[in-house]
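> Input sequences plus hints: build the corresponding full structure.
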Amino acid sequence: MMGFFDFFRRNRKKNTANLARDRLQILIAHEHARRRGAPDYLPRMRDEIIEVIRKYVSVDDNGVNVNLEKGDDYDVLELNIALPDRK
Amino acid sequence: MSKVIVVTSGKGGVGKTTTSAAFAAGLASKGYRTAVIDFDVGLRNLDLIMGVERRVVYDFVNVINGEATLRQALIKDKRVDNLFILPASQTRDKEALTKEGVESVINELKEDGFEYIVCDSPAGIEKGAFMALYFADEAIIVTNPEVSSVRDSDRILGILQSKSQAAINGETVKEHLIITRYSPERVNNGDMISLEDIVNILSVPLLGVIPESKAVLQASNSGVPVIMDVKSKAGQAYMDMVERYLGEDVPHRFLDVKKKGFFKKLFG
Numbered sequence: 001m002m003g004f005f006d007f008f009r010r011n012r013k014k015n016t017a018n019l020a021r022d023r024l025q026i027l028i029a030h031e032h033a034r035r036r037g038a039p040d041y042l043p044r045m046r047d048e049i050i051e052v053i054r055k056y057v058s059v060d061d062n063g064v065n066v067n068l069e070k071g072d073d074y075d076v077l078e079l080n081i082a083l084p085d086r087k
Numbered sequence: 001m002s003k004v005i006v007v008t009s010g011k012g013g014v015g016k017t018t019t020s021a022a023f024a025a026g027l028a029s030k031g032y033r034t035a036v037i038d039f040d041v042g043l044r045n046l047d048l049i050m051g052v053e054r055r056v057v058y059d060f061v062n063v064i065n066g067e068a069t070l071r072q073a074l075i076k077d078k079r080v081d082n083l084f085i086l087p088a089s090q091t092r093d094k095e096a097l098t099k100e101g102v103e104s105v106i107n108e109l110k111e112d113g114f115e116y117i118v119c120d121s122p123a124g125i126e127k128g129a130f131m132a133l134y135f136a137d138e139a140i141i142v143t144n145p146e147v148s149s150v151r152d153s154d155r156i157l158g159i160l161q162s163k164s165q166a167a168i169n170g171e172t173v174k175e176h177l178i179i180t181r182y183s184p185e186r187v188n189n190g191d192m193i194s195l196e197d198i199v200n201i202l203s204v205p206l207l208g209v210i211p212e213s214k215a216v217l218q219a220s221n222s223g224v225p226v227i228m229d230v231k232s233k234a235g236q237a238y239m240d241m242v243e244r245y246l247g248e249d250v251p252h253r254f255l256d257v258k259k260k261g262f263f264k265k266l267f268g
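These protein sequence lines are chains H and Z, in that order.
According to my numbering, the stretch in the first sequence is residues 1 to 87, in order.
According to my numbering, the stretch in the second sequence is residues 1 to 268, in order.
Incorrect hints may appear among the rest.
Each computed SDA-like pair below joins lysine to any residue, with the alpha-carbon atoms no more than 25 Å apart [said to hold, decoys possible]:
1. Lys163/Z - Leu27/H
2. Lys55/H - Pro84/H
3. Lys258/Z - His32/H
4. Lys163/Z - Met45/H
5. Lys233/Z - Asn189/Z
6. Lys127/Z - Arg34/H
7. Lys110/Z - Asn65/Z
8. Lys14/H - Asn221/Z
9. Lys174/Z - Met1/Z
10. Lys110/Z - Val56/Z
11. Lys163/Z - Lys55/H
12. Lys127/Z - His32/H
Hints were generated in silico from the structure; no laboratory data involved.
Given below as structure tokens:
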């Protein structure tokens, strides 16, 4: 069994600088993708979607929700449209 | 032509004020008329690092509010000709800095013949940091060889590239990287991320590497910009950085590990 002190001894040999580099590379690539991905076209797209829907039903400005979620291998574009109450 | 240069980092405590003081003093010592502005409203410290804390009468916010003229608020350095310091205000009102106010002060400095206007940014990505970078033509990003500092530098680069006036006008802010508190020994041992890796991750051209040095604390203790400590490695590295900035071809120094002597090798 590996003892408590062995753990540290083993870690001492490890190159933590490379670990730092690898973690940063992954993290920053992610953050860049997020920065580029979402904000740019979403508001315009949302406005156009509202226009299209209004050709058929009356929805108000807050009735349409557009959300882009970033997954590991794929992104999900979520559209939520609240139709007016039936009277 | 005058240039506005922001010294920024995102993260606190990495050496923005030390670098601002050294850089501005270096430029002035080379004969350029230089002003350095403290943007850290509420937490003024540049005056202390530059040893002029007892000469502060009016500050940046006083000038913006028209309570003092720029000439009254600028503190002329007594050691270096051409060097002027505009201290931050100690007010707690975060709204004291307005875009119009900051712009008018910067324009007045330009009209007054200042060739370099160095903006010492506060930490964070709040209003003060935003104001410090908004009018910048160039940016000096101060980074420590440590994960959170590198990440925050990347964040602030993103803000420079999207929120600065230059970026909004479709121009680019020229970026320079300064790595401070660098220890070649620790890099060699695999304990510290190397400058090559940092440059690679941030993809910003390297302007200087300042070695970890006792001289930096000693300089701040005495209120003397560390660049004036010409015997120290940190001081020399800062002067190299200034000369490199001015276009001279200066090789990087202090990046090699000292060779251990025979006894050190034996006994560690």
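> Run every hint past the structure and note whether it holds.
Quick rundown of the hints versus the structure:
1. Lys163/Z - Leu27/H: holds, 22 Å
2. Lys55/H - Pro84/H: Satisfied, since the Cα-Cα distance of roughly 14 Å is no more than 25 Å.
3. Lys258/Z - His32/H: Violated, because 38 Å separates the two Cα atoms, which is more than 25 Å.
4. Lys163/Z - Met45/H: Cα-Cα ~22 Å, so holds.
5. Lys233/Z - Asn189/Z: holds, 21 Å
6. Lys127/Z - Arg34/H: OK: Lys127/Z and Arg34/H at ~23 Å, within 25 Å.
7. Lys110/Z - Asn65/Z: holds, 19 Å
8. Lys14/H - Asn221/Z: Roughly 37 Å separates the two Cα atoms, so the pair is violated.
9. Lys174/Z - Met1/Z: This hinted pair holds, its Cα atoms lying about 16 Å apart.
10. Lys110/Z - Val56/Z: holds, 22 Å
11. Lys163/Z - Lys55/H: The given pair, whose Cα atoms are some 37 Å apart, is violated under the 25 Å limit.
12. Lys127/Z - His32/H: holds, 23 Å
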